[in-house]
Amino acid sequence: MSKLVVTSIGPASSVQDAGRPGSQRYGLVPSGAMDRLALAAANTLVGNELFAAAVEIGPFGAAFTARGGAVRIALAGAARNADIGGRPVASHSSATLADGETLNLGFARGGSFSYLAIEHGIAGEPMFGSLSVNARAGLGSPYTRPLQSGDELTTQPASGTAERRIELPPATDAPIRVLFGPQDDEFAEDAKQLFLDSEWKISATSDRMGYRLEGPVIKHLDGHNIVSDGTVNGSIQVPGNGQPIVLMPDRGTSGGYPKIATVISADFGRFAQISAGRPFRFKAVTMAEAQAEAIRFRQLLNSLPDRLRAIEDFSLNIEALRDANVAGQAVSAVDAATWQVAVP
Amino acid sequence: MPETLSPPRLLPSGDAAITVEFSRTIDDAANRRVLALDRIIAAEPIAGTTETVPTYRSLLVHYDPVEIGFDALGEQLLARAAKALPTAAGTRRWRIPVAYGGENGIDLEDVAKALNTTPDDIVARHVAGDYRVAMIGFTPGWSYLSGLEKSLHMPRRKDPRLLTPAGTISIGGIQTGVQCLAGPSGWHLLGRTAVRTYQLHRDPIFLLEPGDAITFTAVDAKTFAEQDRAAEAGELIAEQVAP
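Chains A and B, in that order, give the protein sequences.
For the first sequence, this note's numbering assigns the number 1 to the initial residue and increments by one for each residue that follows.
For the second sequence, this note's numbering assigns the number 1001 to the initial residue and increments by one for each residue that follows.
For the record, the hints were derived by calculation from the structure and aren't laboratory data.
All the pointers check out, no bait thrown in.
Rough simulated footprint, nothing fancy, chain B against chain A, three-plus residues with beta-carbon under 8 Å: (1) 26-37; (2) 133-140; (3) 176-185; (4) 221-232; (5) 241-254; (6) 284-292.
Facing chain A, from chain B, some residues (calculated, C-beta under 8 Å): (7) Gly-1014; (8) Thr-1050; (9) Thr-1055; (10) Gly-1137; (11) Thr-1139; (12) Pro-1140.
Some chain B residues flagged as far from chain A (calculated, every beta-carbon gap over 12 Å): (13) Leu-1078; (14) Thr-1091; (15) Pro-1097; (16) Glu-1109; (17) Thr-1118; (18) Asp-1130; (19) Glu-1149; (20) Ala-1213; (21) Thr-1223; (22) Ala-1230; (23) Ala-1231; (24) Glu-1235.
It should be emphasised that the depicted structure is a prediction, and the values quoted were computed from it without experimental measurement.
Even for Gly, the Cβ is constructed at its ideal location relative to N, Cα and C.
For reference, chain A alone in the conformation it holds in the complex (with noise of 0.2 Å):
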């Protein structure tokens, strides 16, 4: 057996996988990762299932170090500083720690959650099929709370493949797609007008429950109250002061505001990555749109395995190369940030 302890950890990071579906009737929540996209990368790097519970971490930092044996991991989602004794770890990539060796991981840039999958997976008991983490229903595995320090997370020693790095398409700032409704009817076609014409942030407060946004105040034609019904991922609901909340993995089963529109589904991961703060716009699309899109990303998804690059030698010193006058092809050829070759 091998473990990877936590070392260090900020708020936020909680094991996560695909979620609990099928139990929202009895008002238990699905849960699972905020970024489906971000986990399944990481996950095809090591090799394991797409939808593996693996470690979403949080905007902060955090550190691991391997105990009992080797530990093979991945990270992907948001882009962060990470070494493992001071070898950079670049993001969209694997990499092994031996036995005693600690990775470090910076706070996130250009996004929020970073998922860090471990090879064989995490060891744990499902509950509902689900390894993911739902504090207030007492569930999840091998916690039932976000991670901490001193937290241990069990798996098999590392195999020893060779590391890979995965290509994705490249990240867009592009306006977050909504289709308008369910109770879209509960608003003047002015109000509907403001919320796509305005620029919105996403509150500090925000958490896997919510995002409340910040922007202009929404009103509604004829009060705030309706009779509860059912929400997904991505409603947008409008309670009484105006300001939308976006409904996340961690939301009520059912609730009480009305919602102007949701967030569809292809793009709801991006979503959930935009940081506190930055400004972002929605787009309102049309059912097929969305639908069309739905089956696009559920082809990203099957890709993964076939996206899978060797990790070449980038021992090439990028200072190096500035210092010579290079500069301007070395830095459009490979990123920096994350080692990786840019994808057009």
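We have chain A already, so just place chain B on it with the hints.
The following block gives chain B in isolation, referenced to the frame of chain A:
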């Protein structure tokens, strides 16, 4: 002649769920139609749907848009809604013991004052009710019941409490409910039950189903404490009685 049923509205909840809306208000007839559609989908499943979530006035149907599109699913849902006749038959009935008032129901006296009567009278009216689980939602096992007597309808608290105890029995608006886990609530707390509507490592984990019938019976605080210990050890406490 069978009753002609107006078709429900199909509202998109994103690209992977449809809200099938029978009413915009709390309406017992609409809730029966919701539960009837839920039952018929369970009996005649639609390929591509993943789970259904009944609420007071609508059925949320989750689906995989890679398997079935909005229009095709909508057609199948409308066809089933037209066939699904609302019926109250076949429900289970549970008797749930409640310790009313005192530290178990801190709002009982205020509710009695607000309604110009005595705490005993409020308890008598609440126990006399014939309730049905209209929906379970918000947090695990939180069961919203229909059937609250009109004289007990009262607005929710202006200042919701951030923490109310597990097992709380409360009233709010035209509803009453069984709350399983400790959590926030804006309702008026009448009492507590030892019954866990959600309990891990017990069979069944979830006690109540939408559509189940419920009657309450009053017990004293000492009995509640005993029942609470037995419930913690895995006993159901709720009794299933003739429907």
